[in-house]
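Chains as they are written, first to last, in my numbering: chain B, 1 to 241; chain P, 1 to 309.
Heads up, a few of these hints could be off.
Ranges between beta-carbon positions, derived for each pair [said to hold, decoys possible]:
#, chain 1, residue 1, chain 2, residue 2, range
1, P, R237, B, D223, 39 to 47 Å
2, B, Q119, P, D244, 56 to 64 Å
3, B, E173, P, D244, 32 to 40 Å
4, P, R92, B, V51, 47 to 55 Å
5, P, R237, B, S148, 42 to 50 Å
6, P, M1, B, A57, 19 to 27 Å
7, B, A57, P, R61, 13 to 21 Å
8, P, R183, B, Q119, 32 to 40 Å
9, P, D179, B, G49, 49 to 57 Å
Derived from the structure by calculation, the hints contain no laboratory data. Since the model is a prediction, treat every value here as computed from it, not as a measurement. Yeah, the Cβ is synthetic: ideal placement off N, Cα and C, and Gly gets one too.
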Amino acid sequence: MILVICEESDGGALWAANRLCCQGLAVAIITGADLATAERWVHRVGQAGAVFELDLADGRHLSGREIRGVLNRLSYLPADWIQRVGGVDRDYAIQEMYAFYLSWLHSLPGPLLNPPTPQGLCGNWRHPSVWVALAGRAGLVTPTYRQSSDDDPDAFWNPAMVPAPTTVFVVAEQVIAPPMLPEQLQNPCLRLAKTAGTTLLGIDFTLNTAGEWCFVGASMMPDLFRGGEPLIAALAEAFAA
Amino acid sequence: MILLCGIPSEDPLAMVAHALEKLGADFRFLNQRQVADYSIAWQIAIDKVDGTLSLGTETFRLADIDGAYLRLMDDRLLPELDGEVEGSPARRHARAFHDALYRWLEVAPGRIVNRSDPQGSNGSKPFQAQLISQYGLRVPETLITNDPDRVLAFQREHGTLIYKSISGVRSIVQTFGEDDLARLEHIRWCPVQFQALIRGTDMRVHVVGQEIYATEIISNTLDYRYARRNGGSAELRASVLPSDIAEKCVAVTHALGLAFAGIDLKITPDGEIFCFEVNPCPAFSFYEANTGQPIAFALARYLANHDHS
Numbered sequence: 001m002i003l004v005i006c007e008e009s010d011g012g013a014l015w016a017a018n019r020l021c022c023q024g025l026a027v028a029i030i031t032g033a034d035l036a037t038a039e040r041w042v043h044r045v046g047q048a049g050a051v052f053e054l055d056l057a058d059g060r061h062l063s064g065r066e067i068r069g070v071l072n073r074l075s076y077l078p079a080d081w082i083q084r085v086g087g088v089d090r091d092y093a094i095q096e097m098y099a100f101y102l103s104w105l106h107s108l109p110g111p112l113l114n115p116p117t118p119q120g121l122c123g124n125w126r127h128p129s130v131w132v133a134l135a136g137r138a139g140l141v142t143p144t145y146r147q148s149s150d151d152d153p154d155a156f157w158n159p160a161m162v163p164a165p166t167t168v169f170v171v172a173e174q175v176i177a178p179p180m181l182p183e184q185l186q187n188p189c190l191r192l193a194k195t196a197g198t199t200l201l202g203i204d205f206t207l208n209t210a211g212e213w214c215f216v217g218a219s220m221m222p223d224l225f226r227g228g229e230p231l232i233a234a235l236a237e238a239f240a241a
Numbered sequence: 001m002i003l004l005c006g007i008p009s010e011d012p013l014a015m016v017a018h019a020l021e022k023l024g025a026d027f028r029f030l031n032q033r034q035v036a037d038y039s040i041a042w043q044i045a046i047d048k049v050d051g052t053l054s055l056g057t058e059t060f061r062l063a064d065i066d067g068a069y070l071r072l073m074d075d076r077l078l079p080e081l082d083g084e085v086e087g088s089p090a091r092r093h094a095r096a097f098h099d100a101l102y103r104w105l106e107v108a109p110g111r112i113v114n115r116s117d118p119q120g121s122n123g124s125k126p127f128q129a130q131l132i133s134q135y136g137l138r139v140p141e142t143l144i145t146n147d148p149d150r151v152l153a154f155q156r157e158h159g160t161l162i163y164k165s166i167s168g169v170r171s172i173v174q175t176f177g178e179d180d181l182a183r184l185e186h187i188r189w190c191p192v193q194f195q196a197l198i199r200g201t202d203m204r205v206h207v208v209g210q211e212i213y214a215t216e217i218i219s220n221t222l223d224y225r226y227a228r229r230n231g232g233s234a235e236l237r238a239s240v241l242p243s244d245i246a247e248k249c250v251a252v253t254h255a256l257g258l259a260f261a262g263i264d265l266k267i268t269p270d271g272e273i274f275c276f277e278v279n280p281c282p283a284f285s286f287y288e289a290n291t292g293q294p295i296a297f298a299l300a301r302y303l304a305n306h307d308h309s
């Protein structure tokens, strides 16, 4: 069974789950709301490895035994759970639950697209400066990045949107790129995903004034609709591996 | 040049500064308390990271900084900002300076002890335990659950249990006792971490690059860090690890992306060794002061790239 973990509002993940079903894969969707109301969690770590059991409010029981792969689209704790937490220990409870989810997600078997990190439950939510540095080291053309103590730090998290960037998807060892992108971008894209520790990465490009495809940004939660059927085929292949 | 970032009077920073002096290495303090007089500007252009850092009257090229040791406190809590309202120019400058500094440190070439991202694994003890066990170090049997019945079954399986936070917050070890049994139903609100109690001798292992310093702690309390507070005692002495365990400690430190770490081990009476956690920002001064182990000197040599591979 392939597990798709996502918020209910993640249309791309729900669409991908449906398309993977159509490819003949057994898919189970667990939403943030499902997790927020889970009745029983058991997670063990020790000499025999890490295992879990999860009882959901709708009667479903999950353990690692039946999972063959995971499409993990949970960037943070489920919004429904956070809304239910209050009181003086709220911040502590959130820290504890985040630490728990990180360990639980890491314990899931099979190809994990994407593995959790301390900086984001579906991958490291890197600062734009780090993405530029990694992309440059991977061999992609990058814009110049500048930051100083005169700048508002928050502004870097909300850069000006590039109109209609072109997205390349890396799924495990496969690159799904629009036909107008040159083939020589493929290896740098693979290198970037590998360096970033991601197994599913969307990499945005735009044409710069020199006519080169220039790195704009990268996301562990790319818009899956944009990858279309080739992306679904790549996901199915990754889960079959 | 080497940058020592934090509050210069803090013991670990002061000890590394002293060691760098003895080495004759060129270093400067980035004293957070003087942030009002500091500025930084940097860029990544064609895969090269460079810029300038001004510390009062001195300005340095960032490409000339070969190493940095970070003991930074939360800039929002700096005494110099007491009385400054949220969003004041002084607060905005302190925040913008520290953000630009952190971002540069994450991508700067050179020996950064330690970068921010690799420190994250310590924020989830069971997550880090999974990583640690990949490198051949045994971790304690751990249960995280919101099911009281499973806790009781785990207790029957392992005997005495301890419980502690899953994250790095409020991380004080407590024995699971009668009082806790009476309030066990409370765990239904949020999963809680329980562990089989491992009896034995505590060992703190500091890894610096390829070097290793093991300190044995003889204590009569459950958590020796709080021995004095709890009316107990803790005696520290330099020790030596079996070579295979020493190699695993170095391997796990590097695998986590750390150049310097404090690893907590426990050695049972029958010689089994368990690893509890890898601390990415260890306050080593306590161990050095009690044993004379030259940890600061090792760190200084690592930063200065003396005798280190």
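Taking the hints in turn, this is what the structure says about them:
1. P/R237 with B/D223: 39 to 47 Å: At 59 Å between Cβs, range violated.
2. B/Q119 with P/D244: 56 to 64 Å: For B/Q119 and P/D244 the Cβ distance comes to about 32 Å; the hint is violated.
3. B/E173 with P/D244: 32 to 40 Å: This hint holds: roughly 34 Å between Cβ atoms.
4. P/R92 with B/V51: 47 to 55 Å: 48 Å, holds
5. P/R237 with B/S148: 42 to 50 Å: 49 Å, holds
6. P/M1 with B/A57: 19 to 27 Å: 59 Å, violated
7. B/A57 with P/R61: 13 to 21 Å: 59 Å, violated
8. P/R183 with B/Q119: 32 to 40 Å: 34 Å, holds
9. P/D179 with B/G49: 49 to 57 Å: This hint is violated: roughly 33 Å between Cβ atoms.
Taken one by one, the earlier hints fail for this structure at numbers 1, 2, 6, 7 and 9, listed in ascending order.
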